[in-house]
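Residue numbers (my numbering), protein chains in the order written: chain S, 1 to 70; chain B, 1001 to 1788.
Do not rely on the hints blindly, as some may be mistaken.
In silico lysine to any residue, SDA-like type, Cα no more than 25 Å apart, as pairs [stated by the list, open to error]: (1) S:K30 to B:S1353; (2) S:K70 to B:I1346; (3) S:K70 to B:K1709; (4) S:K30 to B:T1763; (5) S:K17 to B:R1747; (6) B:K1168 to S:K17; (7) S:K30 to B:R1747.
Derived from the structure by calculation, the hints contain no laboratory data. Keep in mind that this is a model prediction, so the values were computed, not measured.
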Amino acid sequence: MAYAFSKFGAEGWSCPKCQQPLQPVEVNVKYMGSSFFVELPGCPTCGTILVDEELAVGRMLEVEKLLEDK
Amino acid sequence: MQHHILESFEQQCTQDAPPACQCRCPIHVEAGSVASLVASGHVDEARKVLERHLPLAALTGRLCEGPCQEKCLRQDLGGSINLPVLETYVVTCGRPVKSFPLPGTSHRAALVGGGLSSLVTASELAKKGHKAVVYHLGPLGGYLRELSPQRLPPLVLQEAIESLRRLKAQFIEASSLTELAELLETFEAKDFKTLFIGLDDPALDPKALGLSVVDLESDPVTMGISRPNVFVVTQQRNNPHASAICGGKKASGSMARLFQNVSPGTAREKEAISETKLVVSLTGVEPAPQMHLADPLSPTPQEAAAEAGRCLSCSCLSCLPPCPFLRQRPGIYPKKLAREFYNNIITAFGNRSSNRFINSCAQCGLCGQLCPNGADLGQFVDLCRLDMVSTNHMPVSAHEYPLEDQVFSNSPAAAFLRHQPGTSESTYLLFPGCQLTASLPETTTDLYRYLSSHLAGGVGLWTGCCGAPGRWSGRLGLTGRTTEAMAKAWQQAGSPKVILACPSCRLTFSRQLPFVATIGLWEVLSGLELPPTAAPLPGPALLHDPCAARLDEAGQDGVRAVLTALGQEFFEPALTRRLTMCCGYGGLVDQAFPQMGELFVSERVKDAQHPFIAWCVMCRDRFNAFGHPALHPLELLFSPPEAMILTPEMPPGISKRRDNRLNFRHQMLSEFWHETVSEDPSMNLNIDIPGSVLEQFEEQRILVSDVTKVLEHAAQNGPTFVNQQTGHSLACLRPRQVTFWVDYEVRTDGTYLVHRAWCHRMTLPNVNGEGQESPASLEGFAKTGGRV
Ligand code: SF4
Ligand code: SF4
Ligand code: SF4
Ligand SMILES: [Zn+2]
């Protein structure tokens, strides 16, 4: 199941370990037994993902609610 | 969930049971619906509804005497609804319903007599495609011919007979009674399977037909007599027309069954005249006199609509008015909701769009008290929630925070049990409940001091959460573990009598720990002298009974006794004691669905002219939070306000509540028991959270302790991301089934300034603490829930 998240602001953030600016990374997101891939900003080297506030309280919350009613 | 659980609930809610008029009508015409359609000007629709039950409506609609009026609920409020007039109006002005007779069968019935009952029987049989042959002496119509032409225009009768002919009914005029008498003996030989005799035709003489007295006693259900396959309708003195119509319908039903080789008595329970199961509240119904009609035989549309408008459209909605949850969508009532919830639960593929509704009932039990049949939707909702949890369909987010709170309150950091200082056993144990120590910690201390010096035999102190949130949420696993730990702690303490200060704890103890001896705080306090600090408010208050104490009469009396002894002036709200209303905390409504929780509070404070005295601290807090001043009666005993409380006092937020519990334990153990309480192992970071950010945390249910954990993790392991442009850092941690993000900066003096924080429940790879993820169930929480 694919839920596309809207664009978000990851400007200026970088991974302190790898010293890398963030880039879109495809990740596997899971919730309530569902699992799907989305593109989120993350460190291209170690893969650490950033979920910013707008996404967390916006589209991501909506999808959480949808999945809760599944 | 098993279907019979739904069925038994559906039986309890009689909201859509037929009203009294329909139950009294011998053929169950939906009189109420007819009336409301006439009232709203839908006369064609009204005719449709009428013809569902009334055969040969154009004729019979003018004839029925209206026995329904005997039971009409308007009877003593201006007079029963005049259904005969309404029916006359409907069949004269409403468009006839096109009937589509069924294909013809080979079954034949002989009908003797030309009266109303024979015409009805013929009509009913012919509609089903059976052959009806009517044998009559003289003109058709029987007693109907004696009616005045105004009452029954001859044309109407003629048209009815024509319509029967069109349905292939046959009319044969017999030459003599003897000929008819012979038919009685020979109908089977003449290829008729059944015979009907309608004695509402004055041309027929039972004796001459060879009928004995016994033959005239037909079975009230089937109209059958002792002779096989023969059915008789006699002329009745009361409501002769209604009886003839009803008799004809019943007899035709019997014959149709015989044609299908079914016994005539099969499945006829619903045909009987019965008492309605509907209970209708008539409070507030103003009397309205029956319409005066210029000519009752031809009412004008205005007259008919006015008379019909007096109908009460009888239905039961007794439980709806005070419950915002039941009122949220028009046209719903418990029976409908239960079915909707059931479908939601059993759905295998579709969306479970009722999950939120199921979590919006306060399980307060008020509907059960208001319902004439005791139908308690809250109990049904409880079963739904249990089912949702057991099938992993309970949304994690709905109750996460209160469950987390329950586990926290029962963790060693907050929970403890001690005998009274200097003693090693207790006669009593005060269990204040997790919310009292969170909202009113000082008052709880005062209460303990007071009880331990006024009750003999030692009063121990036991803090923690009774487990109500877990049970409300349907988490039986968590509830079981909590209960087990509590039972053990109580037994280890020597099984003292537990004094319960919180009504929800009391209810939970009685359900989950029925073997524990308990007593309500207010029963105890009403037997003691008042503390010296006690003082009433300088003005009147409204007493609010918490919904958990709805059936706790002893507790209700106890509070009232204490307030009276105190000289507190107080009033009872309209709904009080057994019928009290929920503040919206019940069933965790406000946790799952804050807007619904708000509707509950506002419903309660809506007409309140005075501050509330609420003996559940959650009610007290919620009233205050929603702008209506409220006090807990313990405050009157130990820290009474000096002036009248006019403005609400904001209750502590979620982080403060936790601190209060921790500090309560800390303080009590050191002050009363002189124990050195080990410092909590946190790193003592210097964290600065601006007020506006804290407010936002409350809304998002982010605890300061959550943020602290994230920052401590970052202090040890470095931030997750850094921002060169702004100098901010971003740290992330998943300490439970929520991932928290904190945007912060470290000032030159080493303090952590928090800019924002947010959280989500979805899991991502590579998140610190990710290993803690477990499936939809929150049961895992209990593992950390050790107590004492
Ligand atoms: S008021 Fe209307 S619905 Fe109620 S019993 Fe009378 S006719 Fe029937
Ligand atoms: S009070 Fe409510 S639950 Fe009871 S019969 Fe009426 S509508 Fe149904
Ligand atoms: S909130 Fe209370 S009154 Fe309303 S349906 Fe639920 S249990 Fe019944
Ligand atoms: Zn990296």
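Discussion item. Name the hints, by number, that the structure is in violation of.
Written reply: 3, 6 and 7
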